[in-house]
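Peer 1: Construct all of the structure, not just a fragment, from the sequences and the given hints.
Residue numbers (the working numbering), protein chains in the order written: chain A, 1 to 315; chain B, 1 to 422; chain C, 1 to 420.
It is possible that some hints are incorrect.
What the hints assert, rightly or not - In the DSS-like style, the derived pairs of lysine-lysine whose C-alpha atoms are separated by at most 25 Å in a straight line are: (1) B:K332 <-> B:K398; (2) A:K55 <-> C:K277; (3) A:K79 <-> B:K405; (4) A:K79 <-> B:K332; (5) C:K414 <-> C:K120.
Stated by the list, open to error - Chain C stretches covered by chain B per the calculated footprint, using a threshold of three residues with CB under 8 Å from any CB of chain B: (6) 83 to 96; (7) 109 to 120; (8) 177 to 186.
Derived by calculation from the structure, the hints in this document are not laboratory data.
For glycine and all other residues, C-beta sits at the position ideal for the given N, C-alpha and C.
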Amino acid sequence: MDVILFTLFNGLLYGMLLFMLSSGLTLIFGMMGVLNFAHASFFMLGAYFAYQISKYIGFIPALFIAPLIIAFCGAMVEKYALRRVHKFGHVAELLFTFGLFYIIEELVQMIWGKVPVGYHVPEYLDFTLFSMSGMGYQAYAMFTLVISVAMFVVLFSVLTKTRAGLIIQAALTHPEIVSSLGHNVPRVFMLVFGLGCALAGLAGVLAGNTLGTEPSMALSLGPIVFVVIVVGGLGSLKGALVASILIGVVQTTAISLDYSINNFIEFIGLSVDVESLWRIIIDLTISQVAPILPYLLLVLMLIFRPRGLYGNRDV
Amino acid sequence: MANLFKSFSTWIIIGVIAAILPLIFDSSFALTLLSKMGVLIIFTVAYNMLLGQGGMLSFGHAIYFGLAGYASIHIMNGIGAETLPYFPTVLFPLIGAVVGLFFGCLVGYVSTRRAGTAFAMISLGFGEMVTAMTLIFVLFFNGEDGIQTDRMVGPEPFGITFGPQIEIYYLILFWCVITVALMYIITKTPFGRMSNAVRDNPERAAFIGYSVRRVRWQAFALSSMFAGAAGSLHALNYEHIGFESVSVIQSGAVLFMAFIGGAGHFLGPIVGAIGLTYLDSTLADYTEAWLLYLGLTFSGIVMFAPGGLAGLIVMHGPIARTDKKLLTSLVKPYLLAIGSVVTGLIGLIGIIEMLYFRSLISKGEGEVIIFWTEFNANGITSWLIFIGLILGGVFLSKKTFPMAKESWDHAISVVKTEISHE
Amino acid sequence: MLIKFIKLFLLISTLVFYSMASKADEKIKIAIIEPMSGPLASVGLDLIEGLEFFAERINNAGGVLGGKHIEIVPYDNAMVAEKTIQQLRKVIDEDIRYVTQGVGSNHALNIIKTLGKHNKRNPGKEIMFLNHSAVTTSFTNELCNFYHFRFDANVDMKVAALVSQMTLDPSIKKVYLLNQNYAYGQSFQAAARRLLAERAPQIEIVGDELIVPFGKILDFNPYVSKITSSGADTILTGNWGPDAARLIKATTNSQLKVKFYTIYAGIPAAMNSMGAKVSTFNPIVQVTESHENDSTHPDWLKEIDAEYMEFANKSPYADRQRFMMEMFAAAVEQAGTADPTQVAWELEGMTGRGAHGDVFMRAEDHQMHFDMVLSHISTNVEKTFIYNNEDYGMAYETDGWVDVSDITLPTTCKMKRPKR
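Peer 2: Okay, here's the thing in structure tokens:
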């Protein structure tokens, strides 16, 4: 029982991290139709800015200042580059952000070097808050969890309950009408893109110190973010939340299961030849295949339910 | 028919020229480079069947390239260990093609329902999944180590062992000419035209009775088949295959080549493959910032010249056809504009190189060699020089660009009036 | 149109290739293929800097063969096996006769195999592989080759040292093995299983796991919970890079009290990304050939360390690059030529000076042998680790030395030697 509980809890922690990362992307995609390949790069920038700021004025200011800087960077990217590419279509936008991904990674190496930087959890949050069956949980991890939950609640209510949220939603589907009502649609898009990047930046601030802040972090986190938003349903915030937690729990659970197909075969009283080629597959334990499970989920989802968990249109 | 013959003769000319190349540039570095170019030309042109001809942006096309490579290596090792019957090395790309076609049909069936960003994302998902699999199914893919082989197996017809690089180069060249010619012919067939129609206007294509998905699927499968042939040659060339060959990095590289070269024109990807392979093998040794320049070039092309390099050249076709003098009249304003851009770029490159230098090395006095000249990265003068160059470049561009644009507009308007007169 | 394009292409390519015509010079070149970009760039760049430093020392002392200089030519493999092979091809094309590499046994394996084919097909143009840190045992066993020399202890030797130290601590009863799933990690796993059974039968293996290597696992919490429930008191791991740092961080964050016995957890980049608090929460034991704070650290080596500090602004991490370069220079000098075959004959069985007695290149398998020191990361040290002017506030503290005779293991190498 304990084991199940803390596996689920670990899964939740990891899942909420994924949610923080992907919420900005799903927001941008849902609102603007832009698939931002460089999303994880903004996450990385968030971690680096937080490192630099917390070195001088501390972690709490960094928590606010770093996402603001990222929001500004994101808005500038939208204003001076994406808007120009927009006329060539969404694929061109995607291509541009693919180039941007390389540019940001190289710029980060240029400024902070290729060595991981020493960005650490602040002292006052670095203690064990509680423990569960022998495993301690750090106060910082809980702090991150609380912020990520708050992030979901605020985003969700802003988008569905407030006037600003309604304008944003309308600007996507009916830009001409919104524009004729006196709203500046390009500006709305710029703000949405900035906000989406800021969310990634915030995730970077919070996760950079536990994952390690280094130039390759964008590459290692990028693909999983796409899995989350496709599985959740493109543009659905709720979907992103559910998909993140699902992937988090699936992966964490899988790692704790040391069973292979061979165990099952032996369990029912059969055996397979040691030399057989099938051993390649049947000897693998579930914990070993854990890294492909998210992508397998993605492929299965695309085959059987292309709109994702909560999406309202097919992929 | 005459047209077909003409195109055949062009292919033969290209083939002959490429066959002579290693006799002119006989250093082994040139040979290695040419072999690599040959493989990547096949792969990039195959990729462009999707991107340029079919309008499908894939981030996972290396799957077919890489899996074909793995299959070829395993078969070659099997032949070497005499557990498999002999299969002539010359025909190995056929194995790759079959493997590529098989996986292309399989994955294509699932992923070609939609084009655009959705397709791109699915391809990325597949790419990541296969990459992850190579690290997990260690017995087949051998994970991070990759697999080695020895291509000198079996009998040696006419004394050809495929040991020396020159023999592999001619093998690659042979298949390069054949496959590229085939892919060129495909673009001229009704199927090729249909593929373009589906790219440009899927609704209309569906309306005249074509299954859009089916056309995409066929294009996808064919493209994967040629990618597989390239993968096989890649494996033979290096006698090794690793997970990087199926990864998104490889897919990204081929995307860069096709797009920078120009996805809209058949020659574009070839230009891109040759140019980027050359720069990748040489420039990467001189500068740490090679990937930064590549990313900047790519983004710049997406923003300002979506047709790629080939697109820029083809753009001037109508002018050249109308009046040669018109084209020469463009040269001067163009040179001025390019000159001012280059001035700015030199400044930018200087700054980037010095920044990189400072981030890398903490020793010495800060001497850094940029453009064969020694600068001091810690001295204020060198920074001022480069910043001055950038400002100068921007200033000059502001003057020269309107001039270039004016001449272009003038030339095009002449062309337009000529056409309307005809 | 096509014809014009071809003409243009020919013109450009002629110019380009003409500019690349190779120039002969009098230097002895050693190509070093390491990651200079990607997730493990920091490790590769430090090693390149180290080699450049030792080459420069030799050159400043007058070079070899009456004034010839040694030049280190770096090649970036981005930690990608294919890129390694492509760069190696370039090394061959540029007629460089010595290659050195160390980060990642997967790359070393590919270099050994590729050079094996090259040396067989091109007699008289052999290339020697000076392996400074790739430790997979098979390289000096079944894969051994006359043109390969390993200047680091192999995994079996290092694990033997770790296990000998573990037997001295009676509180170690249950050990958890966690390794990276590639040539090196598998080699570590096999050695640990075998040597624990041979030398420490009282220690029980309660977990044995291979993970996907090189920073692909972001969240180590599930592994930590597995380790917790297994009741292990010690983790024996060959992990390095982010895989080591993240594992240790995750155990510290969940307040799991275990001992770490590792080979590479003390690599500077790992220490920095963990920080002093994490690095010293649990004892992290590593095994190296020497370290600065050891009481027996000889004065002449201290001088070299100080020189290195001036050169690179870094504290020394390991000593193997020093004796590799010194022995290489001596072998070239003795052979009287820079021909790899002659140099190889001289290197066989050669001895050099080490931090704790002599170091010795065993002739039968080209494996270096020396005393090894076990140390743990500590903040209570005389000299803390300095990296690019940044003081990490920690370094290594000696736990004990293992004599070379304790880690000398038999080899299965059957080497084919060319005629002398």
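Peer 1: Work down the list of hints and note, for each, if the structure agrees.
Peer 2: Checked hints:
| no. | hint | result |
| --- | --- | --- |
| 1 | B:K332 <-> B:K398 | 16 Å, holds |
| 2 | A:K55 <-> C:K277 | 17 Å, holds |
| 3 | A:K79 <-> B:K405 | 24 Å, holds |
| 4 | A:K79 <-> B:K332 | 33 Å, violated |
| 5 | C:K414 <-> C:K120 | 17 Å, holds |
| 6 | 83 to 96 | holds (count 8) |
| 7 | 109 to 120 | holds (count 5) |
| 8 | 177 to 186 | holds (count 3) |
The structure does not agree with numbered hint 4 stated previously, though it agrees with all others.
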